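Participant: Here the protein sequences line up with chains B and V, keeping their order.
FYI, in the numbering used here the residues of the first sequence are 1 to 257.
FYI, in the numbering used here the residues of the second sequence are 1 to 257.
Hints listed in this document are in silico derivations from the structure and should not be mistaken for laboratory results.
Computed from a prediction, not measured in an experiment: that's the story for all the values here.
Possibly wrong hints are sitting among the right ones.
Because identical chains share one entry, a pair is satisfied inside a single copy or across any pair of copies.
[To be verified] 25 Å max Cα-Cα, derived PhoX-like pairs, lysine-lysine:
#1 246 to 57
#2 58 to 178
#3 174 to 51
#4 246 to 187
#5 17 to 149
#6 173 to 246
#7 174 to 251
#8 27 to 3
#9 181 to 251
#10 149 to 27
#11 246 to 178
2 protein chains.
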Amino acid sequence: MSKPLILVTNDDGINAKGIGALMDIVKPLGEVVVMAPFHGNSGMSHAITVKVPLRYKKLREEENLVVYGCNGTPVDCVKLAVSEVLHRKPDVLVSGINHGSNASISIIYSGTMGAVIEGCVNEIQSVGFSLLDYASDADFSQIVDHGRKIVSNVIENGLPEETCLNVNFPAVKKEEIKGVKLCRQAKGMWKEEFDKRIDPRSGEYFWLTGYFENRENGSTDTDEWALSNNYISIVPVEVDFTAYDKMNHFKKWNYEI
Amino acid sequence: MSKPLILVTNDDGINAKGIGALMDIVKPLGEVVVMAPFHGNSGMSHAITVKVPLRYKKLREEENLVVYGCNGTPVDCVKLAVSEVLHRKPDVLVSGINHGSNASISIIYSGTMGAVIEGCVNEIQSVGFSLLDYASDADFSQIVDHGRKIVSNVIENGLPEETCLNVNFPAVKKEEIKGVKLCRQAKGMWKEEFDKRIDPRSGEYFWLTGYFENRENGSTDTDEWALSNNYISIVPVEVDFTAYDKMNHFKKWNYEI
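Next up, chain B with everything else stripped away, as it sits in the complex:
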């Protein structure tokens, strides 16, 4: 049997420490091709690039590993790799390891998870990894074994149709990790606190800042609960956004004009 073909990407950029750790995780598991943004793409969500052309470049090659950089978003990286670079559709796509949480509502802003959802739409088994440490020198060594076990599970057991995974790791030592919890996405939102400043020409400008507000009331089945209790959270994510259980509400509406 040929080795699985594993596509690696991220949103923190090709030089981030987290994608290095992810390469280490998957190298023993298959043939690895990396296509990641040249620069940071945090907060790019599922954005695609339509105003400027895309370019990519081979950066290095060693046994079982080829690394490319790209000027586009994480989703562009997936599209370019699948359409232009790889000789066949990858068996697995992994994205990350993100520097910082992508739990709860952060999934919708995340470039890491944008790439994962794009892989899923392309019928590739796709998993996003994030560590709850925003530092550029975060310690990813504590989660290598757990990460590799999860990717091995994906390779061995597969993922259900139209389903990908959002995996977040608590920022604790390996021996403090209590295990893996299958979770739902916690209810929550980012509360904005724009940092208003005045430029040297007297123009107002705003930096987007804010803090995460958890809107759960102590439920123990969410990713936020798992992470704050030192569990690794796994949320199965779907690409069909239809609110099936809300359909009835709209049947009573009058649409006549």
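Add chain V to chain B, keeping to what the hints say.
Facilitator: The following block gives chain V in isolation, referenced to the frame of chain B:
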């Protein structure tokens, strides 16, 4: 009772014809504030701007209508308007009218729907409108009455918690519109066909192009079916991406390292 406060945005930019039509739709229904990108933001999905500061500018003001432009993405526009500009949380957010379809999987790339989902996360009743005509001079006059009826329904009946709407209009004359269909998001994907070119300095570059591939087998309950049969499609959209019905698959996995 005071008039509803209605926030208007889009992804085609403040000068697009579609947002003008949307202002016409909502002006009779409440106090209208527009905050839209200065330039086109198609394909920006749920992206937020973190590398450059945000700026906004009042462009015009008349009775019941104030118009602002912003250098950010559609999601930035919503965040800035809600946090910095509006005196209270809007009752309704409308986004569009997009020049082109946001049915099926296009929802995940759509800046129009990114703004709508952001509104929903902020507990604002939010609706996205799109017309199946990409032309910059598309004829939006055919759908004004239907659009206003849908916004009126939102104001009168409300939307269920954590639910927003993705409304698409077929590009046909008003008298050819057969009515409104409540739908699910059709299964489908964009198949890439990168347009590879060589620049004057011999560098390769790629333009992202492609075509939509419908993966349904004749189901009549999808947005794609409704639109191709001259119905207006309404898909209720949720912001919880958890694949609840796939949880069991993962319970059999072995996570021991």
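Participant: Work down the list of hints and note, for each, if the structure agrees.
Facilitator: Comparing the hints with the structure gives:
1. 246 to 57: So residue 246 and residue 57 fail the 25 Å test inside a copy (46 Å) and across (38 Å) alike.
2. 58 to 178: neither (40 Å within a copy, 53 Å between copies)
3. 174 to 51: neither (44 Å within a copy, 33 Å between copies)
4. 246 to 187: both (17 Å within a copy, 19 Å between copies)
5. 17 to 149: For residue 17 and residue 149, the Cα distance is within 25 Å only inside one copy (20 Å; across copies 52 Å).
6. 173 to 246: neither (42 Å within a copy, 30 Å between copies)
7. 174 to 251: between (51 Å within a copy, 22 Å between copies)
8. 27 to 3: Within one copy only: 11 Å inside a chain, 60 Å across chains, cut-off 25 Å.
9. 181 to 251: between (37 Å within a copy, 10 Å between copies)
10. 149 to 27: within (13 Å within a copy, 56 Å between copies)
11. 246 to 178: For residue 246 and residue 178, the Cα distance is within 25 Å only across copies (24 Å; inside one copy 36 Å).
In summary, the structure is inconsistent with hints 1, 2, 3, 6 from the numbered list given earlier, while agreeing with the others.
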